[in-house]
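Work out the full structure: start from the sequences and follow the hints.
Read off the chains here:
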Amino acid sequence: MISVGRKKSREGSRSNIVARSSLLGLALSLPPLLLVFIFVGIPICIGLTFSLGFTHGPNRVISLIGQQIHVKNHWWGTLAAYSDVVHDSRFLGDLGLTLFVTVLSTVLVIVMALAISIYQRLIGGKQASVLVTLSIVPLFVPVVISAWAIHTFYGGDGFMRSLFSQFGINFPTLTSTPAAIVIGSVWTALPFSILMISSGMQAIPDALVEAARDCGAPSSKIIVNILLPLAKTPIIIAMSFTAIGILGSFTIPLFLGPNQPTMLGVEISNFFSSYNRPQQSLVMAFIVFLAASSIAILYVWSNVKSARESGRI
Amino acid sequence: MNKLLNPARLALNAAVILMIFFILGPIVWLAVHAFTSNWQYPDLYPSGFTLHWWSQVFLDSALASAMKNSLITSPIVVLCSMIVCLPAAYAVGRIKFWGRRAFMIGIFSANSFPKIGLFAAIATLYYSLNLMGTFLGVIIIQLLGTIIYMTWIPAAAFAGVPRNLEEAARDAGASKFTVFRTITLRMALPGILVAIVMSFLAAFDEAQGTYLVGAPTIFTMPTEMYSLVQNYPIQVAAVFSILLALPSVLLLGLARKHIMGGQLADGFQLK
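Protein sequence lines correspond, in order, to chains A and B. For the first sequence, the numbering used here gives the first residue as 34, with consecutive numbering after it. For the second sequence, the numbering used here gives the first residue as 878, with consecutive numbering after it.
Where hints are given, some of them may not hold.
[Unchecked claim] Derived lysine-lysine pairs resembling DSS-like cross-links, with alpha carbons at most 25 Å apart:
(1) B/K1134 with A/K159
(2) A/K338 with B/K973
(3) B/K973 with B/K1053
(4) A/K265 with A/K254
(5) A/K338 with A/K265
Just so you know, the hints here were simulated from the structure itself, not pulled from any lab data.
Below you can see the structure in the form of structure tokens.
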């Protein structure tokens, strides 16, 4: 009885509490926000003005050092650096490779994660948990090491070629080809997708699956009509994080990819330090960011939609 | 049933073997090199085993100091990240304040800007703040990569603590602080642990930004690894890789149960 009374009085002063806690919430969330604002937001904004040809103020030093700098000729700047990049055949090759690797690797990662998670959900058993545990292993390995390990494994004198040569087969050297970037990207991205999707699948109530089974639904029907729709949100989250990660990746394509064309992450770094063309380097970064943002919107939309469906908004 | 089961089981076993090859093959292949004297293509076995490379790594002063730097900076970064982010995570998880969702999305979109582009853009700011080549500069650049883990995962953990448990404790006469310490914090601890591990790994692995800011004065293990693979024999890189992977393996081993139990997955669903 007493606790009910207390709850009621809490409800009564609710609007007051909401206003006060709103302030508290904002105050508490300020430190990380400020950090991100100062060290991510501001550099990106300054970088944007630089890419548009604003060469004074904070951009003065870099404009003096860099080569092929375009200076603004309108009040809003100039698109000359953007035009440089878009008309560069190297960039077009890089962009093509980046999109190809991103799409193919993401599809492979999601298909593998789905296959393993669905198997674990419907059949389970020892093999399923071995598969899940194996797929988590790359999480334990720093990226530099994974990249180097894969480099040696699929390289000219690596294990794959050694193994196949025992049978007189000439296994292709995958290192320094786009195939190796895909292998490396899948390898490093798999744990996150497995964790997301398998926990989404495990959260689906047994009763639903059992009921469908009792009605005689085959596994394929259960997968298409129950598992996939109910795990949609974690699947989309896994997909968008994987794609965004691969899109901007650096270490994997640097160690595993060909010199030319290469992925944009490596090219951004090349243009910035090796070719000393900082403006064009930043233009590429913004193009990658644009692509990543469109994927990010998918992620946010899917989360908001699922929150709305479950009545949290 | 049996007729159907056998090909299925066969396919499954094949899948397990392929996965073992795909996932473990490269790391085992590299790790074994750390103990071998010479290994010629196309032999499947090395011509001999030795511990010589280990002493070479430990006696190399550059590599030793890189190890020291890494083991000093990463814990400091994690500690700073906890101080900066955990209160925010609590607020996001527990208080329905205005701009809460915008906060989450803001942190996320900062994370989707390509890191390498951000480091190119950050140089200007770092020069004007005199952070280039400084220890603080390295800490900050590594800190940026940990924020998403240290806010999102604990936020979900705090949100998951049942309110009625706390109210029951309050009704039984426990002080607000006691309730927070013994119930809220205690129940959110697995999530915080996962966030600590993920942040440590993010900081410990960070190479590009650290190189840009730290070189040529401050080198860490991953930045050293980039030059190592070009300038040293593969065996030295293998030894260094094992050393570099050791902390991750230890930490993730500790948190494995919680990571696989869904703490990480929960953190990445916006609520």
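Structure-based check of each hint:
1. B/K1134 with A/K159: With a Cα-Cα distance of about 17 Å, the restraint between B/K1134 and A/K159 holds, given a limit of 25 Å.
2. A/K338 with B/K973: Holds: A/K338 and B/K973 sit about 19 Å apart, inside 25 Å.
3. B/K973 with B/K1053: Holds. B/K973 to B/K1053 sits at ~19 Å (cutoff 25 Å).
4. A/K265 with A/K254: holds (16 Å)
5. A/K338 with A/K265: It holds: about 11 Å lies between the C-alpha atoms, which stays within 25 Å.
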